[in-house]
Amino acid sequence: MSETPQTAKPAKGKNAIAVLRERHGGMSKELKEYFKEQQRIRKLLREGLKGGAMTVPQLAAACKLETHTTMWHLMAMRRYGEVVEGAEQNGYLLYTLKEG
Amino acid sequence: MAKIRERYDALVIGGGIAGMQAALDLGEQGYDVLLVEKEPSIGGVMVGLNKVFPTLDCSSCICTPRMAEAAHHARIQLQTYTEVERVEKKGTGFAVHLVKKPRFLIEDDCVGCNLCELACPIDVPHEFDYGLGARRAVYIPHGNAIPQTAVLDVENCVFCGKCEKVCPTHCFDFTQEAEEVTTSAGAVIIATGLQITPMAAKKEYGGDTFVNVMNPLGMERIQSSNGPYGRVLRPSDGKIPRSIAYVQCAGSRDRSIGIPYCSRVCCMYALKQALLLTHYIHGVEVTLYYMDIRAFGKGYEQFYRRAVKEGVKATKGKVAKITEADNHDLILRVEMLDENGRVEERRHDLVVLAQGLVPGWHVGGVVDAEEAEDGFLLTPEAKVSPSHTTMEGVFVGGVAAGPKDIPDAIVEAGEAAMAAANYLERIGWRAMAGAVLGASAAKQEVVETWEMH
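The listed protein sequences derive, respectively, from chains A and B.
Each residue of the first sequence is one higher than the one before, counting from 166 in my numbering.
Each residue of the second sequence is one higher than the one before, counting from 48 in my numbering.
No lab work stands behind these hints: they were computed from the structure.
Computed from a predicted structure; not experimentally measured.
Every residue gets a Cβ at the ideal spot worked out from N, C-alpha and C, and that includes glycine.
This list has only true hints and no planted wrong ones.
Only pairs whose alpha carbons sit at most 25 Å apart, straight line, appear in this in silico BS3-like list of lysine-lysine:
| id | chain 1 | residue 1 | chain 2 | residue 2 |
| --- | --- | --- | --- | --- |
| 1 | A | Lys201 | B | Lys209 |
| 2 | A | Lys201 | A | Lys215 |
| 3 | B | Lys209 | A | Lys208 |
Examples of chain A residues toward chain B, derived with CB under 7 Å:
| id | residue |
| --- | --- |
| 4 | Arg186 |
| 5 | Pro222 |
| 6 | Met240 |
Extracted from the complex, chain B is given alone in its bound form (with noise of 0.2 Å):
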């Protein structure tokens, strides 16, 4: 595995879909990238999801075959399971500090066997499933994770060693600390994505109290084939759910948690998910409580239409509030628009908050462009030049400057690699590290002929 070197053309920061799509871009044109992505895998959100609207193709496969690209790449580096600590101005580039996390064993010498994972003796939940799932002290992140490579969680080690002893390569280091490193980069990407709004925000709905109440990316994992069930169950108690609500814009368009604006994806993939499980689980019903249905997008309309025509129920409510039930049920009371106003409370099985997408990292004392008020990054040229930050060579792709779908995703992203080599050639930043290059070259010929004499 290669050194981190002194000089990349780029750096994109974050390894899902916007970020391996840029980085890609960059490659493809021939420019040298440092691709950083903060978790043990590439992949991002995107890696989890079930399957994409509106043509309802399996996410994994579109995502997994870009993962395997970007590693392959001879031009993209990957470096996974570090932080960017500080991106500054320096000269005409960025000198670029970075942090490696401990994997606590030899990443060139693991095999991915999962031997250590079935040894490791505890069980803590498990991120990729939010917890619904579980996983072990030692694991490898998940089935298409890459690189498939293990990490060891320390703060949840019990410290019995059978990691190692089973290890058939003997590749465990327990001396690897967090170890800094510092590069140059000509361009920066920002592609740092999504997080959903905290299931606590919204105090009325319990989100963060009931265990039958899921977050849609909880549900993603469920309805997903490789997911902490194995099948569509609810959380409390294992029964297969016939009644089943989403909330619309239950974080998102709410003044009252700090969230005014639209998040764009949330009718979206709450339909996705309805419909599918109409498909999962025979004689269900799924009901979403919405104020309006934004399908904006291209095949949007007709897939909301193909939903309800096959048998999801799109009511015109407002959910005030939901209380639970002995046996776990919900019980929510809403306000229906389309009867004066009139209260109703409803029982169901199992209830999904559409929450919102809030920005998945935060670039305040690490790189010094701006953010707008809603915490995304400013793009104060959003219209002509969308992945234009406030700082000059720094871009941004995706999520990172706010709400979208996939696709607009992948487009932006692309957009922000041409933005990025457009700068390194006004710049001339390939020019100059040939004249770095050439000016080795030389010195090393000078020193070559003084050790002939």
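For reference, chain A alone in the conformation it holds in the complex (with noise of 0.2 Å):
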């Protein structure tokens, strides 16, 4: 893989970010809206599953939204690691928060 050579010192420490971020104008107002959402459904689900293991359509209604939205952050969720699947029940898998 070639790599150009740099023109300008990368920007490090406390305000690197704040280059890019004035660069490209900061967050769009629809990502701000999509980030604030993801935040709201994943406080949902945390607390859902605190319950104890859920299927999706459990999952959904006990947290009052739609079943793809809840699967999507749910993969999401599992993706990275904050939570695992366990055994199935009646067509579906039950999900838990990952100890620890």
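Mind docking these for me? Both chains are given alone in their own frames, and the hints should help you get the complex.
What follows is the structure, encoded as structure tokens:
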């Protein structure tokens, strides 16, 4: 893999990310809303799973979310190690929060 | 890591299986190759597939050794996350204008530890999983990616700076910008592969509306052990599907969507996926609705018969419309072709549309080679010189020339490499390079002699 030489010194330290934010005009309004909604859903799912293992439809009903929205977020949490799958119950898998 | 040099023997556009094969064949013959890929990793579509037909070999087990070989070959230089802006004839060779997209980190310093990805707080749909799974704004493209280097998707960045804070090598460089680079090559091979027919193409099937109507590449990811769900589940609610339908010719052989040709691989990939589903889910019922089965390759007809023998239901029927029930089940309105066109409605948990193949990239404005009516590159002498395009010195390999399966794509990529090598010898490109290098060496010698005095 070729790397062309860097023309500027890498931005490091406290204000490094500010350089990027300024150049790209910060987060768009849509992204801010998307991120806020993601945080709201994740909080609901974590709270819901504190009660024990649940299938996607059970969790969606408990959190008053659409099943496909619940599925997508739960799979994201599974990918990044926050949730683990367990046994099968009536054709669905049970999911729990990962301990620790 | 090497800097882009001023001159290469060949430019290969596209780092999928065909591009890698062409680059390796040229590299093995001693030609210097620049292999350019627009994505952050090489591997193309093939590295995301589960298994290949008819052998059911693991796809990434075949693809990843090629990726590693291409990445480590002394004669091949990889340039990932780079777009080809313009290839223009200049003298005997081509001037090549590239734009290297910023990863916002120094590639040499990234160790692929994944800590930045784990620290990033935002999840967005992952392109590699066709949106079924998630990735972070900063991410390593996938487990088999080459290079194993992170990339920051600035459009989805929340600018929290956590990635930089956890990076053990301090490789982030937020000042990076897109960079234009120009080089030259004696020959060009286009191996830009495929996309599948857009899911919205056939409104009657609801491919862009119903959550449980899937594209076949998404099904490949779901069937893969490293896929978004870890096993086969349906996207709407995580149910283990018990009844799955495949709708054949959903994105080709259809003038109404502007794709009149047969895509050649849909029957076989659908049969492969259907057979594997019967292995993965105990008691599953898989039905293929087809007009006719085109199993033309070596061992393909036998594979079709095996799939049917092992439980896949092949039903000669044309699906007219798909509607969605309350629980996201799907209702297919089918014209039963073997029963005098009787119309029947059938309910399934999940539907896969056997989408066709369309070009992965169009040359318009970038390379002055012509495209055929179907959008694939025109090969005027397809029977005797299948890799020759309408532009001298520009060759094509793999699906960029038309729909084909993996073995055919590899064979044609090899043919493109051979044609490019012949062309380079005919125009004396390497001899010219020798003359240029010789002149440079002589000039250097004069300078050194002058400095000594």
